[in-house]
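Chemist: Residue numbers (numbering that gives the first Met the number 0), protein chains in the order written: chain L, 0 to 344; chain F, 0 to 344; chain H, 0 to 344.
No incorrect hints appear here.
Same chains, same names: a pair is fine if it fits in one copy or spans any two.
Think about it this way: if two alpha-carbon atoms lie no more than 30 Å apart in a straight line, the pair counts; the simulated BS3-like pairs of lysine-lysine are: (1) K50 with K193; (2) K96 with K193; (3) K5 with K50; (4) K259 with K50; (5) K70 with K50; (6) K193 with K2; (7) K193 with K259; (8) K259 with K70.
Calculated directly from the structure, the hints in this document are not laboratory data.
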Amino acid sequence: MKKTLKELAALVEGVILGETDFENIEITGVTGIEDAGPGNITFAVPPHLDKAARSPAAAVVVPDTVYQYPKPAIRVANPRVAFVTLLNLFTPQPDVKREIHPSAILGTGVSIGGNVAVMAYAVIEDGVTIGNNTVIYPHTYIGHNSRIGGDTLIYPGVTIRENCQVGNRVIIHSGAAIGSDGFGFVTFNGQHIKVPQVGNVIIEDEVEIGANATIDRATTSSTIVRQGTKIDNLVHLAHNVEIGENCFLVAQTGIAGSAKVGSNVTFAGQTGSAGHLTIGDNCVFAARSAPISDVPANSFYAGFPARPHGEWLRAEGAIGKLPELIKKIRNLEQRLAKLENKEEK
Amino acid sequence: MKKTLKELAALVEGVILGETDFENIEITGVTGIEDAGPGNITFAVPPHLDKAARSPAAAVVVPDTVYQYPKPAIRVANPRVAFVTLLNLFTPQPDVKREIHPSAILGTGVSIGGNVAVMAYAVIEDGVTIGNNTVIYPHTYIGHNSRIGGDTLIYPGVTIRENCQVGNRVIIHSGAAIGSDGFGFVTFNGQHIKVPQVGNVIIEDEVEIGANATIDRATTSSTIVRQGTKIDNLVHLAHNVEIGENCFLVAQTGIAGSAKVGSNVTFAGQTGSAGHLTIGDNCVFAARSAPISDVPANSFYAGFPARPHGEWLRAEGAIGKLPELIKKIRNLEQRLAKLENKEEK
Amino acid sequence: MKKTLKELAALVEGVILGETDFENIEITGVTGIEDAGPGNITFAVPPHLDKAARSPAAAVVVPDTVYQYPKPAIRVANPRVAFVTLLNLFTPQPDVKREIHPSAILGTGVSIGGNVAVMAYAVIEDGVTIGNNTVIYPHTYIGHNSRIGGDTLIYPGVTIRENCQVGNRVIIHSGAAIGSDGFGFVTFNGQHIKVPQVGNVIIEDEVEIGANATIDRATTSSTIVRQGTKIDNLVHLAHNVEIGENCFLVAQTGIAGSAKVGSNVTFAGQTGSAGHLTIGDNCVFAARSAPISDVPANSFYAGFPARPHGEWLRAEGAIGKLPELIKKIRNLEQRLAKLENKEEK
Chain L
0 MKKTLKELAA LVEGVILGET DFENIEITGV TGIEDAGPGN ITFAVPPHLD
50 KAARSPAAAV VVPDTVYQYP KPAIRVANPR VAFVTLLNLF TPQPDVKREI
100 HPSAILGTGV SIGGNVAVMA YAVIEDGVTI GNNTVIYPHT YIGHNSRIGG
150 DTLIYPGVTI RENCQVGNRV IIHSGAAIGS DGFGFVTFNG QHIKVPQVGN
200 VIIEDEVEIG ANATIDRATT SSTIVRQGTK IDNLVHLAHN VEIGENCFLV
250 AQTGIAGSAK VGSNVTFAGQ TGSAGHLTIG DNCVFAARSA PISDVPANSF
300 YAGFPARPHG EWLRAEGAIG KLPELIKKIR NLEQRLAKLE NKEEK
Chain F
0 MKKTLKELAA LVEGVILGET DFENIEITGV TGIEDAGPGN ITFAVPPHLD
50 KAARSPAAAV VVPDTVYQYP KPAIRVANPR VAFVTLLNLF TPQPDVKREI
100 HPSAILGTGV SIGGNVAVMA YAVIEDGVTI GNNTVIYPHT YIGHNSRIGG
150 DTLIYPGVTI RENCQVGNRV IIHSGAAIGS DGFGFVTFNG QHIKVPQVGN
200 VIIEDEVEIG ANATIDRATT SSTIVRQGTK IDNLVHLAHN VEIGENCFLV
250 AQTGIAGSAK VGSNVTFAGQ TGSAGHLTIG DNCVFAARSA PISDVPANSF
300 YAGFPARPHG EWLRAEGAIG KLPELIKKIR NLEQRLAKLE NKEEK
Chain H
0 MKKTLKELAA LVEGVILGET DFENIEITGV TGIEDAGPGN ITFAVPPHLD
50 KAARSPAAAV VVPDTVYQYP KPAIRVANPR VAFVTLLNLF TPQPDVKREI
100 HPSAILGTGV SIGGNVAVMA YAVIEDGVTI GNNTVIYPHT YIGHNSRIGG
150 DTLIYPGVTI RENCQVGNRV IIHSGAAIGS DGFGFVTFNG QHIKVPQVGN
200 VIIEDEVEIG ANATIDRATT SSTIVRQGTK IDNLVHLAHN VEIGENCFLV
250 AQTGIAGSAK VGSNVTFAGQ TGSAGHLTIG DNCVFAARSA PISDVPANSF
300 YAGFPARPHG EWLRAEGAIG KLPELIKKIR NLEQRLAKLE NKEEK
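Here chain L stands alone, though its shape is the one from the complex (with noise of 0.2 Å):
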């Protein structure tokens, strides 16, 4: 594909910086700066925009608070947008055949919807829906009476099992396991015995789901993940989990039982969370911080057990100084028993 720098300017709603002849320039890719070579764009905000000037990139989309650029430039509102908007221009659409593949297996009742893809040995169970534009990788399982909503991306080898609901532009990864039964079980002499799990898993709109991630089914009701919620790769979120709105939960990050959390709160890689509490929104937990109770609304957390940041990084910077803490602390003992030992004499 090829485009000039002025079709570009007009798709990211930019102006052009510098020359005027600029606008003739083609462009024949988009990549990050660390990447780009001649006949790329590229984007930088601050403080990458010197970097991005010294890279080979043809043209560099910025901030539209840049006035002067020693590079062919086009000023957007906000770059980021405008990049993402740039790489699906640039990235050919995988060639997805829309059809139910021969060798993939429908149950009785299967409701599916305009221009679906369902791939090779896909197993889609009796009674399933599946929404408009939908497209379904191979090796993917499908149980009982699951609802599947439109504009939906479900990569090979995804298990969702029976009874799960998942909304439109929802995005699950290779090997995802949604629905599985969660883990409860009643000891009784020294017996696990298992709670059956009878809830379902509600996916909503916009969620996106990593690789070999996996979300419990509730013991009753269900385990939810609201709109425009993103999970990383081998997250685990155990039964009657819920996440709020527009959350990010990074890699490796697990959420223990009946966990409740807001909208717009962040886990980072490797977090956690007890069971049973409840996370206010705007949280932001730092990497491999865990909270191991209530946290209110707008807290920055660190450490575990996670406490705020600024008393994590208290605490942290203490603990460096111990070993010599404790060098101050020999010294005081041996002036004061010299003094004391003046004093009796």
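Using the hints, position chains F and H against chain L.
Modeler: Structure of chains F and H alone, referenced to chain L:
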């Protein structure tokens, strides 16, 4: 389904508490307290008795230590066990066709018991044995000469490699990998030479294994999970690990190679264990803890490296006081210097 | 299989230690010390020489620094390497039919080398290339235009998305997801807009990837795992990560986006790394540690945030002494107050 309170009381071997005509109350479902609606029965133990009483539930299963209750109730010795019985009663069993699906591929010398389901696109290699009443979901792979017991349930996308043994009444959730190679290498002239992993995995009766969990085969001999142990999602057991009976391994726990774990041990969420160590019976490891040396039976450990829970609590408490301690030491230093100056004069 | 000690000594280029007639001893299997029975050969290096001598093993492979041994032995330069050779000798190779199974689905323009096995229900999309002698197990998915090298082994249920490259002599265990989308979003007006992940994954020669591990494709350019690196189960590599040659990434490790890791680096179990940082060659990260900034070559780090191991040990030791320190400070305060009182009088 509709049952009278009288019928339910008989089933759970309990006694109805309250008015005589309570026995005709009709129950249409069973749920947790929070989700209870009219027509539902739920259960409650202290301190949740009041909460259940205030819920819209039609009736509540309570401990037999309760003699008065503001709502229709059934008194039983163990409300949790009764709850499991009721859940099983009201849960429609998924309709599993007992057949070898024509698309399932069976090798030579495969022995399959009675009343078994092998679903679509399962691949069962030569010499595999499967016991009576076992259900194998689609896209499952069972390697050469592995033996699967009776009344066992294997969900979609599970891989069980060659020569492994899975017991009776075992449940394996979607995407679990049993019998993958242990992580064993000999480093020689800077290259890592693979040590063939020629052992296997033995899963005893009544074990449950979570979604996308991984249990590696032994280098030689066996990786073993003993009877009644329950393993949650994304748990990792390395080669030659042995887990005793009736343990809990909660989500995202990882046990390193050759660790020997006793019976009735609980590893809470996101815990771990170093390799080549021995952990006694009845130990409990708090969330995110991990022992790095042997642990005696009946220990309650926390932190990393894991230590007795009380010790961990004291250390954590002390860390919280550190910034204050630093101030105190500074203050002591100043006061002491003042005294010393006076002395010198 | 039955081999004389003489034959085995020749195979591992070792020398029999002890009586001349030891060379006729018949060996029927090879095991670790703990599982050794009569007829077995095992290996031992200090401090395990005595343990092996007391085992029921028929013979032991020992280092050539050993000149006397109470049991038939073979002296070799490297007993571990000899052990691998013996394991390979005594391990029956699984019988893999070299054929494209009729149920495997191959797209157009697929190029397959000689002596390849593509097993049941594998799905190979258009334009894929597979080298000689490669074995692909059932339920594997290989996306458009991906290239798989020769002598490579891909176990069941693996997904390799489009445009990825996998080298020669690579092993990928069950359920691994290669080339899933990186976790990249631009947040705009509170919504998380997906950044298309249009790069790929490059797995070089002799890499091993564990069960249910996930390696995300780059946003643009490539996520790279270089030659000879070994990755354990449930490890996560984010987009644009680069891992050098001959590294070890032990189970449940997670490397965040764009981290660049040198060669011969070890990440022990349950470690992690922050994104966008550089880790030098030959670093070792102790179990559960995670760096949050650049790490120079040859570092041995522990803890979180990861710091030099000695420093971590001192801090951990000091934390253990904290309750005692608090007492000491209280004592110092009392004694000092007493002295100050005297002064005032």
